[in-house]
Amino acid sequence: MALQSPSLDIGGAVLVKPTPTSAGRGYWQSVGRRLRRDPVTLVCAAILILLVLASMASPWLGMADPYKTSMLRRLYPLGSPNHWLGTDELGRDMFARLIYGGRLSLFMGVTPVVFALMIGGSLGILAGFVGGKTNMAIMRVMDVFYAFPSVLLAISLSGAMGAGTENTLLSLTLVFIPPICRVSESVTTQVRGFDFVDAAKASGASAFTIVRVHVLGNVLGPILVYATSLISVAIILAAGLSFLGLGVKPPEPEWGLMLNTLRQAIYVNPVLAALPGVMIFITSICFNLMSDGLRAAMDVKA
Amino acid sequence: MDTLLPIQDRGGPAQPLLLATGLRKHFPVAGGLLGRTTKVVRAVDDLTLSVAKGETLGVVGESGCGKSTVARLLIRLLKPDKGTMVLDGDPVDEPHGITVNELRRQVQMVFQDSYASLNPRLTIAETLAFAPRAHGLPAAEARERVRDLLTKVGLDPASYSTRYPHELSGGQRQRVNIARALALRPRLIILDEAVSALDKSVEAQVLNMLVDLKTELDLTYVFISHDLNVVQYLSDRVLVMYLGKIVELGPVEAIYGNPQHPYTRALLSARPSMDPRKRTHEAPIQGDPPNPIDPPSGCRFRTRCPFAEDVCARVEPPLADTKFQAVACHMRVAGSGHSKAMAA
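Note that the protein sequences, when read in sequence, are chains A and B. Residue 1 is where the first sequence starts when you use this note's numbering, and the numbers rise one by one after that. Residue 1001 is where the second sequence starts when you use this note's numbering, and the numbers rise one by one after that.
So that you can see chain A by itself, here it is in the shape it has in the complex:
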């Protein structure tokens, strides 16, 4: 911090000149600049983008048909001609199924988190900003959901509603609302305690305007980072539900379901049986590392 001009006579004529700073202009520009200097986050983001693009474009990539079975070429090992990642227990091409499987798995990972972010985030910001009895009501309801371990909650919800993609999405959304709500509530409560929110209240602005201008910008970063870290959990939970037969139904390619159906092959060809797990692992660790990188880049005082 630089001292200002020593003159005590500041009647509007003497203007204090700003101290030169190296910091750039916009907040998001500086976040972008810090992200660009973070190779781990960049690599993870690149892998994820590649996965998403590949799975979205899978029908046009000229791969084998992921649904085409063959009794003759079952459980080919890795590196087989024409099937370089082998074939599964029904003779379907593993590479094609893994790429195709990304569609459902990524969709099942991202969608519930997005919905939970909208619902849980709004509830949490509401609870945090209004406080008092509203906070009490919202947060105690969330505590009820918290009483169940998330896997158990997802299983029981999916079990009650029946298998299928929509029900899996619904149950995963419900599972993720409480943690996102809790994080949103705590950061909002923290931000609400800052004097600039009081100053905004003192300016006579409406609560909605205060939340929009002063609260949202300060809480969205941490909430988004947390939500990003949940995507990997969602992928694993969705895979788990499929594994238990509560999620996606066969013959759809989905990583969790593939793990399930390949489990008999674990004694015959363990590497092959682990491949869907490797995909889940890569995706979730990329999401986790990326959310860590985002968190670091969004730290204002860094």
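The hints are simulated quantities; they were obtained by calculation from the structure and are not laboratory data. In this text, all values refer to a predicted model and were calculated from it rather than measured experimentally. Ideal placement from N, C-alpha and C gives every residue a C-beta, glycine not left out. Just to be clear, a hint being listed does not mean it is correct.
[Unchecked claim] Which residues of chain A face chain B? A few of them, derived with a C-beta cut under 8 Å, are:
1. 165
2. 167
3. 201
[What the hints assert, rightly or not] Simulated pairs of lysine to aspartate or glutamate, EDC-like, Cα-Cα distance not exceeding 20 Å:
4. B:1214 <-> B:1090
5. A:249 <-> A:89
6. A:133 <-> B:1081
7. A:201 <-> B:1093
8. A:201 <-> B:1126
9. A:201 <-> B:1113
10. B:1152 <-> B:1141
11. A:201 <-> B:1102
Place chain B on chain A using the hints.
Leaving out everything else, chain B in the frame of chain A:
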């Protein structure tokens, strides 16, 4: 919109700008089974004060005596449990009076923590334009006002508008905070320890700026501080608080030159002197203030007062007028029963 023009004086110079009567704020302390409220912190208890037009009212007292609660009550960031406020003849938040939002147009506040009171995500221009925009000022006019405000507080608009709070020094940030308080063209500004966190040299600059702004914009200040020298420099009248109560209130010369309450005397004598020949003669007050959850009966200062007698524990001393100032002490009330009081 006409709401953003300076507000005209209504009641004439003799009518107090702000009159607060019997303000009380108790904070419940959750405790016991199921978070039932078992105790209350008596932060401000039946406080009555008036702020005359154009004056600077200094508020002093130890940490925790309720100074900041008073500030937040006056701008209604806290709702008082009891008591009324009248702004230039208009009752606040009452059927025939003005709304809290109208009060906040005319009364603004500068906070102590210059960093926490600025939104780190907004540029200085966005922060300053927020209140005028929220009151419906068009964007172009708001920009013009931001330039004007920055110039008023001695910051060059061209180079500061696009900056973020973390790019500014403490003194510059506090200037921005003062500019924000001026944005709605208020009549009364509450300065809650507004210069306490600044370096001495920067503090002097900001204080001088405040003095200049006051004359230029015809402002009234409530200046809250624990720094007795700064309050003496700036104030016309001084209010001394102890545990949520007023113990002494009067013109700055009377309070500093002839303090009547033992607490005021102890505070003033605890001031370090620059002159080694002027040593502290009166015994300094001992210990910490009592817990405001359970304040002493009668006079709240009696537990630390060297002159405390039976009557001080039994009867709460009223804030009584003396020759120059108002004092809440049995020793200054004729016939109160205190041995040092004059006979009735």
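Evaluated hints:
no.: 1; hint: 165; verdict: violated, 38 Å
no.: 2; hint: 167; verdict: violated, 38 Å
no.: 3; hint: 201; verdict: holds, 6 Å
no.: 4; hint: B:1214 <-> B:1090; verdict: violated, 23 Å
no.: 5; hint: A:249 <-> A:89; verdict: holds, 16 Å
no.: 6; hint: A:133 <-> B:1081; verdict: holds, 18 Å
no.: 7; hint: A:201 <-> B:1093; verdict: holds, 16 Å
no.: 8; hint: A:201 <-> B:1126; verdict: holds, 16 Å
no.: 9; hint: A:201 <-> B:1113; verdict: holds, 17 Å
no.: 10; hint: B:1152 <-> B:1141; verdict: holds, 16 Å
no.: 11; hint: A:201 <-> B:1102; verdict: holds, 12 Å
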